[in-house]
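Engineer: Given chain A's structure and the hints, the job is docking chain B with the ligand onto it.
Residues per chain, in single letters:
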Amino acid sequence: MMVVVQRIGELAERVGRDVNLMEVCGTHTMAAFRSGLRQLLPSTVHLISGPGCPVCVTDTNYIDAAIALCRRADVIVATFGDLMRVPGSESSLENERAAGAEVRVVYSPTDAVTLAQENSAKKIVFLGVGFETTAPTVAASIVSASKAGLQNFFVLAAHKTMPHAMEALLHDQQVKIDGFICPGHVTVITGAAMYRFICEKYRIPCVVGGFEPFDMLKATEMLLAQIADGRADVEVEYSRSVNDRGNVAAQKLMAEVFEECDAGWRGIGNIPRSGLTIRMKYAAFDAVPALGVRFEPARPHPGCRCGDVLRGVITPLECKLFGKACTPTDPFGPCMVSSEGTCAAYFKYGKRQAAA
Amino acid sequence: MCLAVPAKYVELQGTAATISVECALREVDVSLIEEPRLGDFVLVHAGFAIHKWDQSEVDEWETIRRGLEVAAGGGGG
Ligand code: SF4
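Chains as they are written, first to last, in my numbering: chain A, 1 to 356; chain B, 1 to 77.
If you are wondering where the hints come from, they were derived from the structure by calculation, not from laboratory data. All the pointers check out, no bait thrown in.
DSBU-like mimics (lysine-lysine), calculated; alpha carbons at most 35 angstroms apart, straight line: (1) 252/A x 8/B; (2) 252/A x 123/A; (3) 320/A x 176/A; (4) 348/A x 8/B; (5) 122/A x 281/A; (6) 122/A x 147/A; (7) 201/A x 176/A; (8) 176/A x 324/A; (9) 147/A x 8/B.
No experiment lies behind these values; they were computed from the predicted model shown.
Isolated chain A (complex conformation):
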């Protein structure tokens, strides 16, 4: 590993200026902190965290809609654990559960389908949040519910897709990105070719990285080498899991159930073609029309700067509430709740490391 660190140092010297490398994925953010690798980087190489924590980019009005659903006597809400403590405008799913609402934490969308089979008198609503890695698993659960003829399984879908969100950040005047460490497991599904337009249109290098500390260092080295040579290509460091074409079976399933739509990202706003909505063909499983879900204007905590954190404009240390009013036990925003959230990473692994 030290050889890579040394090469990073040499390349940084060759580049001769400060560079911002955005690790788009929340799992990368956590891995970088956990392993302490940020401290191994030269002072001119900045790793900035991006919008790749699915829970964090989910708008407050979605949480509010999920809360309204779980308050209905005929509904059981099934969700991945990370959403439980995310604050909505007034409450959280965890608070609602404590107050008696039926909210179940599941490990897989398949578990929610099983829940529907076992509770035929109830409507099971699965909270479909996540990027291209998760969307095919939710698509598979909708298809299997359809094959089983289930009439009490629904998905409140807010899936988001990466490429146009990354593009939106390149238009942001407040943040300057010199290279992307692209999300490894999103790319397992989509294939690396998806990032080519970023290199061609914006001349920004993209390297798909894995999740071991070595992978992240190697991806950093590959990005710096491209910057030093004046290149902007898509390269794959995580080649043990990622190829150009991706998982075709998963892509097909995703296209069968979902179609592209515009989506609202916390902190970034509406990004055209960056979301997935359930196709008409599967409308019977779409909680929005089937259960009459309405998205009301939301009130996120006024002091919370998750939006700026997600765009890489500030680090959590620049949020006045960080570590004082806002902590993992009493979180004000999703970035402090999620196991992939940047504020949670800074809190857990300490300010000293974060400042590096």
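Structural biologist: Using the frame of chain A, we list chain B with the ligand on its own:
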């Protein structure tokens, strides 16, 4: 949600499989994998196998893991 470590099928039945990952057994769905076979290594996300690793990819992962252990153990000061 995502286990970036190789998991091995120990049982297969239609689209349902049991995997062994880091000494624990778990149920996963294999409908996103073409031609799953007993003994294959896969990457798992949210209860689904999402990618099949071939032996050389598993070996690479093991090398990286070992390298990390050596570096962490040797860099004690
Ligand atoms: S520290 Fe808390 S309040 Fe500040 S941006 Fe992060 S989650 Fe929001």
